[in-house]
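> As you go down the protein sequences, you meet chains A and B in turn. Counting with the numbering used here, you get residues 1 to 118 for the letters of the first sequence. Counting with the numbering used here, you get residues 119 to 589 for the letters of the second sequence.
What the hints contain is simulated information worked out from the structure, not anything from laboratory work. Because the structure is a prediction, the values reported are computed rather than measured. Check the hints yourself; a few may be wrong.
Claimed, not checked - To give an idea of the interface, some chain A residues facing chain B are shown, with a C-beta separation under 7 Å as derived from the structure:
no. : residue
1   : S36
2   : T39
3   : W45
4   : T50
5   : T55
6   : A58
7   : G59
8   : G67
9   : D73
10  : V89
11  : T103
12  : W105
Stated by the list, open to error - Derived contacts from chain B toward chain A, CB cut-off under 8 Å, selection only:
no. : residue
13  : E249
14  : V263
15  : G266
16  : G267
17  : A366
18  : A488
19  : R508
20  : C509
21  : G515
22  : E519
23  : D522
24  : R546
Where is the CB? At the ideal position from N, CA and C, for every residue including glycine.
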Amino acid sequence: MRPLRRHSAHPPQPAPARPDETFTVTFDGRRLPALSGQTVAAVLWAAGVTAWRDTRGAGRPRGVFCGIGVCFDCLVTVDGRPNQRACLVPVRPGDAIRTQPGTGWADARPQDAGADHE
Amino acid sequence: MSEQPSLAVVGAGPAGLAAALAAAGRGVRVTLVDAGDRAGGQFYRQPAPALAARPPQAPHHQGRTWKRLRDGLGRHRAAGRIVHLADHHVWCVAREEATGTFTVHSLLGPAQEEGGTVRADAVLLATGGYERVLPFPGWTLPGVVTAGGAQAMLKGALALPGRTAVIAGTGPLLLPVATALAAAGARVAALVESAGPAALLRRAPALVTQPGKLAEGAGYAVRLLRHGVRTLTRHTVVEAHGTDRLEAVTVSALDRDGRPRPGSARRIPCDTLAVGHGMLPHTDLAETLGCTLAGTAVRVDDEQRTDVPGVWAAGETTGVGGAALALAEGHIAGRSAAARLYGRAPDPRHWAPAARARTRLRAFATALDAVYVPPAGWADAVTDDTVVCRCEEVDAGEVREAVDVLGAGDLRTVKLLTRAGMGWCQGRMCAAGVAGLAGCPLTAGRRPFARPVPLGVLAALAGTEGEPGTE
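This is chain B alone, in the form it adopts within the complex (with noise of 0.2 Å):
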């Protein structure tokens, strides 16, 4: 080890910004590894600067957190004590054994054709999560987005995709989804929700743990109401309608098995649905790593590190629970981090107050996992003609006769018989709906790479290691 440690923080999102502050301001040398031309991941997502705005809609007490995590960096950085590569998507981190040390292995830029390593005496998972959308006639209709992408799109560029947009789906990203499209212009014709407030009320012992979540909840629906949206529960999108691009959307109301009612049906035009079921973590790198999961989640212990010596995980890949979350997890992890590089035990009374919140949004997250769950008749209104893997385009009939003839009985099978999950997304945007429809359960996809990479990227990286080529 030299003689100040090194951490590389993969992921500049409120979990890796915040470690990465809290290992800087202790002393370790932090590479701030990021995929975004700007620090903030998807949460603090800023818009280009020629674009003259601000995020619409951010809330004053993100905005204060933001500004001082914003400043924080451009201190350390100024400083020397943070080294910040924006614009490199990570693909591999490796671990050699013989030292202990990492290898962290990145694309370059949009084009993504040329690769960067950093090498570090730790590593420090900050990777977020991406949205679970589960498939229905229509959703791969122009004009079909996942509500995570429409309010993106809406943060980093100030782009709506059209004029009438339907929020639908289910968990706590649609109110502000919907919200933020109000305020930028569109005309939110609906928001359906399929969990009902009877949900709610049987979680609201956990759920009033948080005031201030409840409070923001509460601010995204007085929002809605001034801006006209109507919100429909206990309701889902049956189909999306149109030819070449999105025209209208079909919602029905939901029985008390979770199925569309009959005769409830009704059309609603629109050339916009923001469409999500809740959010998956991005596990790849832990995986590849050799960290054990727990579910869809990295398992890590109350120093947030994980069961592989010298990785931490923070943030939505050790479950998702939100920004606040992220940012708690993300701090107790970059203490955590530093002390051990410096070969100490870490004082846990010393991240206290970061303790006491995490128990507490980990537990709202728990109580929200449980109120926003997909409708459960979801995958019978999946018709067989339905396209359930996005990118090499097998539709639902065929995923059902892997199962049901040919005798599948895991996502693994279903992808060797029919492709479902071997494009270019490699199973991210189909595993879920696949799943369900396969009856089998939703498994860590276990990518060695955690991107595409171009076969001249890692040519070169033989040569540069000194490592034997092909023979």
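Next comes chain A alone, as it looks inside the complex (with noise of 0.2 Å):
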């Protein structure tokens, strides 16, 4: 597994309106807070975590760039199904997100990679 990208000071974060509308997601098995009503890329950022994308290409490291959903920079795995907008995708209790390699089809969940190829 690639080393966590993560910066040594986290972000400021947004406090929840109602506590009961915290749960917790995981990244790349790694326990995070959430708040209801964040995207995937907004919980990502304020755990400190800017990257969680390699290019098929070269195997760059990519996260948000357009955050307004133009560029797919910041695709991502998101229990098990690849190529998620993480600037638009809400998170939901209990998200599996997954740093995504490639095209992300390689380890995909086998019931997802199948539908794709039907």
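With the hints as a guide, bring the two chains together.
The structure is reproduced here in structure tokens:
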């Protein structure tokens, strides 16, 4: 597994409106706090993570670039589904977010990978 | 046409909201189709309700306008005059030749695996714009984001990418982004603007026609001073440094020719670079409908009509000019559409104040465009090994080879030879950079689909419409 790309000091985080709207997700197996209404990208940024994809060609790390769903740089695998735009997709309790290597299909959940090729 | 005519408005930003309210208030059934999970677009982007906060640094007058739009939308929705389809990502608008009516095709929700269609007698495109970012060494490093992206993440999710930010590029957006990041707790190490005060002075006569806008700019400048933000004009970021993420940027002063001045380079440590070089209009839907463009924007007449019957356009898609201009254009477009849908020629005197605002704000936008131009020598600073097409990982050396050795003279030929522009974003992020490197004009993308569409959605479409499937 790639080393977590962490930053020493975490950026400031918003406070939850109601504590019952906080929950936990995982990123590459590490538990991260999340708030209802946050996008996957926001949860990762708040944890100091800025990269969650390696490019198909040179295997270079990428994360959010345009932030509004246009550039597709922030693609990520969520619950076995690759190529989700982290800047658009809202987190749900228990989401398993994983760094996406290459096209994302190599380690996609089998049924999803199969469905795509039908 | 049904007894009560219908209008599909694509986009729920300032232009789309103003248009929807104007049309719905005049007896038109409006369907507002928007990709956002809440109305507002990028400009009035609101934090998710569960995040206990209000958008940072929203100036008071913008807050009032937003409240008026939001409350108006709420009233019309409650009365059944507007249907608001959130989370609908429109990928194509088709005009039925026989009837002159329209079908708006969209993908639902963030997963975008299911399709949806809306039918309407007319369509109003308020699809906004996106940021132009020109390439430079290191711009693909995590931690380098668009200025608008940093703002969007801050407005919508109250999220920051790091602790220490540099804001760079050119354009009026950099000021509010720097102010918002500083107010949210980031240390803004520098605001690096390639335009200089001299350029602003040359355009002073056009700029002073908008005292409100100047006051807004001055307000940002005061707040930046209060946050201790250093502003470097006539400077540019020449390189972003780091291995797996951004660690620092090198900035240089620009000489008279817009090239980095030798000996002026300095390194600024930072973990965030928010960069932008102006905005480009979203024109895909209009292009597919056959609307004529003027440059990179949709061409419209005084009523905001495109040259395709039944298609109106307003806001950034008809030329980037900011939210106030979008509101004026949207209002005019909505009123025009309502009158035309009832078979009447509208009386422009009814929207005279909006028309006057539109004239002033377009002149102001033209003046700003002339001030905020990327430095003339930017392409020379892009090293051959700099990735230009982020999706397909095509570097500047490949683009130069396509032009210098293989003789490519336009964006399309460069794309065919190098794959630059063939990836997920369909060239939206790299077209301006490739055009600059290749020395050819930035032309519209001509994308039949405005976003990637699953084959299953297309297949289901053929079934539901009773059209022949594959033969």
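> Any of the earlier hints contradicted here, and which numbers?
Hints 7, 11, 12, 17, 18, 21, 22, 23 not satisfied by this model.
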